[in-house]
Every structure is written in structure tokens, then in C-alpha cells.
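Asker: Kindly generate the complete structure, drawing on both the sequences and the hints.
Protein chains: 2
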Amino acid sequence: MSIKVGILGYGNLGRGIECALKQAEDMELAAVFTRRDPKTVTILHSGVPVYHIDDILNHKDEIDLLILCGGSATDLPKQTPEYAEHFTLIDSFDTHANIPAHFDAVDAAAQKGGRVALISCGWDPGMFSLNRLYAEAVLPKGNTYTFWGKGVSQGHSDAIRRVEGVVDGRQYTIPIAEALEAVRSGSAPALTTRQKHLRECFVVAEEGADKERIENEIKTMPNYFADYDTVVHFITLEEMQRDHSGIPHGGFVIRSGKTGRQQENTHVIEYSLKLDSNPEFTASVILAFGRAAVRLWREGGRGCKTVFDIPPAYLSPKSAAQLRKELL
Amino acid sequence: MSIKVGILGYGNLGRGIECALKQAEDMELAAVFTRRDPKTVTILHSGVPVYHIDDILNHKDEIDLLILCGGSATDLPKQTPEYAEHFTLIDSFDTHANIPAHFDAVDAAAQKGGRVALISCGWDPGMFSLNRLYAEAVLPKGNTYTFWGKGVSQGHSDAIRRVEGVVDGRQYTIPIAEALEAVRSGSAPALTTRQKHLRECFVVAEEGADKERIENEIKTMPNYFADYDTVVHFITLEEMQRDHSGIPHGGFVIRSGKTGRQQENTHVIEYSLKLDSNPEFTASVILAFGRAAVRLWREGGRGCKTVFDIPPAYLSPKSAAQLRKELL
Chain A
599 MSIKVGILGY GNLGRGIECA LKQAEDMELA AVFTRRDPKT VTILHSGVPV YHIDDILNHK
659 DEIDLLILCG GSATDLPKQT PEYAEHFTLI DSFDTHANIP AHFDAVDAAA QKGGRVALIS
719 CGWDPGMFSL NRLYAEAVLP KGNTYTFWGK GVSQGHSDAI RRVEGVVDGR QYTIPIAEAL
779 EAVRSGSAPA LTTRQKHLRE CFVVAEEGAD KERIENEIKT MPNYFADYDT VVHFITLEEM
839 QRDHSGIPHG GFVIRSGKTG RQQENTHVIE YSLKLDSNPE FTASVILAFG RAAVRLWREG
899 GRGCKTVFDI PPAYLSPKSA AQLRKELL
Chain B
599 MSIKVGILGY GNLGRGIECA LKQAEDMELA AVFTRRDPKT VTILHSGVPV YHIDDILNHK
659 DEIDLLILCG GSATDLPKQT PEYAEHFTLI DSFDTHANIP AHFDAVDAAA QKGGRVALIS
719 CGWDPGMFSL NRLYAEAVLP KGNTYTFWGK GVSQGHSDAI RRVEGVVDGR QYTIPIAEAL
779 EAVRSGSAPA LTTRQKHLRE CFVVAEEGAD KERIENEIKT MPNYFADYDT VVHFITLEEM
839 QRDHSGIPHG GFVIRSGKTG RQQENTHVIE YSLKLDSNPE FTASVILAFG RAAVRLWREG
899 GRGCKTVFDI PPAYLSPKSA AQLRKELL
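Top to bottom, those sequences are chains A and B.
Just so you know, we're using the numbering used here here: the first sequence kicks off at 599 and counts up by one.
Just so you know, we're using the numbering used here here: the second sequence kicks off at 599 and counts up by one.
Hints may contain errors.
Note that identical chains are pooled: a pair holds if it fits in a single copy or bridges any two copies.
In silico BS3-like links for lysine-lysine, alpha-carbon gap of 27 Å or less [claimed, not checked]: (1) 710 <-> 602; (2) 620 <-> 856; (3) 676 <-> 856; (4) 739 <-> 602.
Source of the hints: derived by calculation from the structure; they are not laboratory data.
Answerer: Written out as C-alpha cells, the structure reads:
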């Protein structure tokens, strides 16, 4: 039985979902919902309707899985609990500190409506979380480290653009090689924020702007840059468009732990991602877990779930017997 | 409720389980079962009984989880189906080609007895299988590669020791760096057996033995060495004992895949292990999944399971809320 997918919000992530759907033989795009005027939104799939978000409940029965593609700051805290009563859905809520509260709100709605709602799915939270959990469960005596990058941080790029005199800005988070090597050696080093990541900024300044002031304002910005070593490069708008238009990202989850009579043996588990397109990879993860959410719901599962609750076999279109034969 | 563990078979893996149990606060060793005379077996846990395997069914009610530590060639194909009717259990059956048949035999027994039996758990099959599954589900258009090593292969070491004139032998499987790099680049290379792994052998020869003949017999041995580039070093017994007494292992699961409108973006997912002790790490994986098997059984789960069927949260002694707060 094919899974009919609705996309809510047609930005980078929504477009990534649309691309990923072309690789999923057991899923099909049924509708896109948008806050914009639907007539102004052109999607890749010809013949698939675009509706205004206000009409979404009228199309409840046409959708097996609603994929929420909004932001974690204001969209998802409101939308996910609101729609979890009416749809089996999935979101990528990524404000780590607020996950417990988000879970409770979504669980109440999903339980009330008899739905499954899978939250905080992507690569972090998501695949990285899974790897933190597996590694800690397998090696209880040890230390887990997460590194991000090299990749574009949207939040930090936005922060640069808010500095007076800045026309455009792009920030790359870069894991520091020496820290990675120390962690990989199994030595379980204590690392400060500054020792783990470097922040590299590319900035287009207004003509005549005081570059020294801009660089200083960036480097001393609290929360965003002050606790890091930050490098600032001034470039032209042409260079920005030519060299920095992609959205690459990635990172590492590494755990080292000890076993043995005297804890004399060291083991290192490492999971890493190198991604050309952050939103497209996130979309690919969401689609696999969306498949799992629908299966869980069809089997009678109810309520809010996370990646931790999903048996891995549910992610694949292959049968359990095929998976055991081919991949075990 | 603490999980009472029985160990069946007290070799390297059984001893690894015993060490790992000291790190699991929610589990305790209840008994060791052996084919040897129990009086000749001394275990780490003082005060824990050692019984003969023939008495195992008399101790059924003292065991929540039976961990089978025998070999895949002859022990497990017989023992796992035999005991799955009476115990919630876990094994590390690793003959990939025979997993479907083993599953069917174990499932019938576990269903009959109303038990959960988790088979083929360790790192390959086990953690590597999980990573093959997750990566393929997330990136359906792509290629998965598994590399093993650097590590000791017991089977190949045994094969060396069967050559006439050999006193002792140790074989290391080594992934070839150029192949790893080609895979990591996302270029999805076609690789032959010879291009993926090198086999490095350390051999102690009898005094006066024909080393040229020994080296030639090893390098041309079908199935084991003939399809690989093999390096043979002759060393002394003292060097063997001093430098090659450990059982390190490890390896890599790497998948590269494409996304985007024109499949223009490449993503690389890599999982790797670097292990000082193969049996102790395997034991640590088994213990985490053993915890999950007992939970599943207590919740009403029945039949044969694999790592693919286990929700990751079941592996950890932490509560679901704690996992969401700390690791998601």
C-alpha cells in the first residue's frame, strides 16, 4: 500500500523531501501545503496540487504522512501539536533543550487523535542521536564526543548579516583536527568549546565600511563567536555567489570506552557524515523515518515517538526476511 | 527488576560477558554452564555457581537471559534452537549465508516456548548490519562497502597453523588504504577482493622447515589466501608471544549516495570500529541487546529477533525520558 505524503512548507527542506520522494517507490507526493498564495508556488511534481495551509484539514483523508518542513523557532512548536491530532506526521524539531516539552505537547495531541507523531528527525537530532545512544549502551564506561562540520551554520551566517555594514555573510563550523585525533586515540581528553571547533566567516562588506570594526564585532559576539577562535575573510559579492552558494555539512560522533578485568582495553566507535547538501540529506532521513511512522501507526502504534523508538527494520521498504538475507 | 544472566560456554566470549556484566548495574551473573567438569572451571565472580550443561534445564527459573557463547560452526546451530524453547536468549551466530535457516529454526522453538531469542548479535553481524541498514534506508541510491581490520582473523590463523612445518601463525586482515579513500570520496568504485583487503601473516616455522614452501602454500591456499595479496613474515616464538598475543579488530561500513533533482549531490556515511579486544567488544554489544531481549519478552514479545527488530531505546538502562533529554 503506497504511502501518500503531504509536505507542509515549501522551502529548502520541502524541496529536499520532494527530490527524495522520487527515490522512494513505496511513497508518493499527494499535496503541498503553503502559507503563500498557492498559485505562486511551482513544485517539481507536475499534477500534484498545492493548497493553502488554511485548507489542510479538508485534505486529511488524502494524506497518510504529513511532513512538517517549518523552522524550530516558531513554526514547529505550534504546528506539530496542532496537526498531530489529525495526521500521522514527522518533524525535524532541533532545539535540543526544548525537546522534552515539545514531546509532551505532541504526545498529548497524537494520543487524543489516535495518531503517531515522530519528532526531532534528521541528522542531529536524528542519526547522531542514534549513534550516541548505541555507542553509550554498548560501552557504558566511556566518553562521547560530537563534532560538527565542516559545514554552513545558518544561525551563525544570519548573525553575521545582522552586523552593521555587512551585505552578506557565510559561516563555516570546522572541527579542529587535533581535537578529533585526540578523541580518536581513545585518550578521552577534556576539551573546551574553543578546542573543539573553529568558526570561519566569509563577509561581503558595504563599500567604505570599517572592516576592522566589522571583524571585531563578529569575533566578540556573545553566544555565537566569543567562545571560539574565529577567522574572518572579506570577499566580493561575486566570490560569495561563486564559492559559497552550497549548503554542505557533516560531522562526527565518537565514543571511546574501556572493557576488561582492569578496564585495560580501549575501543573507539566513530560515526561520520560528509554531506553536499544539508537539507537534502535531512530530507532523506525524514523520509525513511516517515515510512516507519506510518507502518507503526498501521500496526496500532499511537502517540509521540522519536528515532529511539523505531525498530530499524521499519525504515526500509524491504521485507524483514530480505533484510536478514541481504544486510545482516 | 535486575536481569539474571546465565553464560553458556566459558571461552574468550564468555569471559568477555563476565567482564561486561560488571559495567551493567541492572544485570547480574546468576550461573555459568559448561561442557567441562564444573569443578575445573574458575570464574571471575566469586560465589556464582558453575554447572554442567546437562543440568541447564534444572536452572531454568533462575535465569532471565541465557547468553550462548559457543561457535557458529557446530555449537550454535544445535544449541540455539534447543534452548530457545526454554530461555529468553541471545547468540552471536555469524555464518552470514546460514542466517535465514538459523532464524527459522530458532523462531519455531521460541514461538513454541513463548520466548524471545535474539540471534546474530555482535559487531558483524550486529552493529555493522545496523549501519548497512540505516545507511541504505536513508540513501536508497548508492553503494555500501564493508571493510574489516586491521585485525586478527581466527579462521585464517587456524588455516596457517594447519600448514606442515608451522608451529604457530597469526593472520591480520588489513583494509587497503587506497580503496578506503576511493570509497570515502563518494566515487563508488568497483573493487575486487584483492583491491579491498591485504592479508598479513606472522609465522613461526619448525627448525629446519622449508620456509619457501610454507610461504608458497599459504599464499596459494584456495578460499583463504589465493584471491588476496598476502605477505608472510617468519618470526620467532618469542616474538609471536610478545607482539601478537592480543585480539584486536575493527573495520568500516561506508555508504555513498546521491540526492537532488539531477542526483547532483553526494553524501558519505561512515561507521568505524577500532577495537583492542574483539571478544570483549562483541560481549559488550551482546549484553546491551540481551537487555533489550528481556525487556521485549517482559512486554509480551515472542519469537526470533535480530538487531533490526530492536527499538534502540531498549538497549539502554536509562528511561525513555532521560534518553530524550540527554542523547537526542
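Asker: Now, for every hint given, state plainly whether the structure supports it.
Answerer: Hint-by-hint comparison with the structure:
1. Taking identical chains as interchangeable, the C-alpha atoms of residue 710 and residue 602 lie at most 27 Å apart only when both belong to the same chain, with a minimum of 22 Å there against 39 Å between chains.
2. When the C-alpha separation of residue 620 and residue 856 is checked against a cutoff of 27 Å, the pair qualifies only between copies, where the shortest distance is 12 Å, while the shortest distance within a copy is 44 Å.
3. In this homomeric assembly, residue 676 and residue 856 never come within 27 Å of each other (Cα to Cα): the closest approach is 44 Å inside a single copy and 33 Å across copies.
4. When the C-alpha separation of residue 739 and residue 602 is checked against a cutoff of 27 Å, the pair qualifies only between copies, where the shortest distance is 21 Å, while the shortest distance within a copy is 44 Å.
Checked against the numbered hints above, the structure violates only hint 3.
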